[in-house]
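S.K.: Sequence:
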Amino acid sequence: MDKLIKVGLIGFGAGGQTFHAPVLTTVHGLQLAKIRAVKPEQVNPARVKYSQAEIVQTSAEIFEDENIDLVIITTPNTSHHSLALQALQADKHVVVDKPFTTNTKDADELIEEATKRNLILSVYHSRRFDSDFYTVQKIIKNNLLGGLVEMESRYDRFRNYLKPNAWREEDAPGSGILYDLGSHLIDQAQTLFGLPDTVSADLGIQRKGGKAIDNFEIILHFPGLKVTLKAGMLVREPLPRFILLGNDGSFVKYGLDVQEEALKAGFTSLTKNSWGIEPADIWGTLNTEIDGQHFIGKIESEKGDYSRFYNNIYNAIIGKEELIVTPVQARNNVRIIELAMQSQKEKRTIDFTF
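Count along the sequence shown from 1, then add 17; that gives the number in this note's numbering.
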């Protein structure tokens, strides 16, 4: 009989409700046993949707429960380090929502603690499991563009106002879209190409009255390859999600993976047959030369699958798989953010250093 892993979820805001609880509960072997939810708008949905779970008011009630094997932390970024450290010291396996921490010093401390205790520690970089990212990986792996020379990846939103009382809008560590959307883009770039030689960045605040970064352009320089990562809060007309340029051709992709909207609508991979399948109207366009023949046309997107992350966490805990998202990779995503901020401050390109 497969081992049952009991899970404690700390935080039941947008992240816990939309991206974690619905996904982890689709995974055989994971049981959501406790949820820390404090606000009425969190407590009531938790009780209705996850009646099997005990709703608690404090994180300590999860840390001190000997039956809890895995703790998931989906709280404001500044609390990630403290809560993850307490969970590890209570001998729990830990998943932290992205970004891992607000600085690499805190990340290194968590990695050291997890290693010392032989515990699984990972970060929820869910965009590795997007359909469009899987498609980009396949195109690069199969060398469909020849030698890749440039990639642009962007993740935009349109919100021309500031959310009141939103911690992400404050001038504080871990706030703004550099840590939010930037974490996703940097992680995808690192997954594809490893660590860059140098980092340069242009970070800004475009909305009136804004305190946190709401627009960025980061350039990661690799040998023979330029990777540009962009995001903004004032992008009303959709721009390409991916642009790949190679010696033999190009690939351009519009539109976002469909899993987020499906989760927001209340679906999961167990209740929606077309889970993770993009509609044909947002498939990417490939224009290239293959075996001496010019090809131009749509490329069907690969199927996305967020549940693969938590399947991997389960299998890593029971010793059947290696982690897909390692804490060292997540730590290096934070390092690139630090170097991007240094680049902006000093107005120069920065060598990548650990």
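These are calculated hints, taken from the structure and not from any lab test. Some hints could be false.
Estimated spans, in silico, between C-beta atoms of each pair [stated by the list, open to error]:
(1) 310 with 225: 51 to 57 Å
(2) 132 with 95: 22 to 28 Å
(3) 304 with 57: 18 to 24 Å
(4) 180 with 23: 30 to 36 Å
(5) 304 with 228: 40 to 46 Å
(6) 181 with 282: 34 to 40 Å
(7) 369 with 251: 27 to 33 Å
(8) 308 with 180: 50 to 56 Å
No residue lacks a Cβ here, since even glycine has one placed at the ideal position from N, Cα and C.
S.K.: Each hint should be assessed against the structure and marked as holding or not.
M.R.: These are the hints, each one checked on the structure:
1. For residue 310 and residue 225, the Cβ-Cβ distance of about 52 Å falls inside the hinted range of 51 to 57 Å, so the restraint holds.
2. For residue 132 paired with residue 95, a C-beta distance near 24 Å keeps the hint of 22 to 28 Å intact.
3. Between residue 304 and residue 57, the C-beta spacing of about 53 Å breaks the proposed range 18 to 24 Å.
4. About 35 Å separates the C-beta atoms of residue 180 and residue 23, a value consistent with the hinted range of 30 to 36 Å.
5. Range check, residue 304 to residue 228: Cβ separation about 42 Å, and the 40 to 46 Å hint holds.
6. Our hint of 34 to 40 Å for residue 181 and residue 282 is violated, since their Cβ atoms are close to 26 Å apart.
7. Residue 369 and residue 251 have their C-beta atoms about 30 Å apart, which keeps the hinted 27 to 33 Å range intact.
8. Restraint check, residue 308 to residue 180: a C-beta distance of roughly 52 Å satisfies the suggested window 50 to 56 Å.
The structure fails hints 3 and 6 (numbered hints given earlier, in ascending order).
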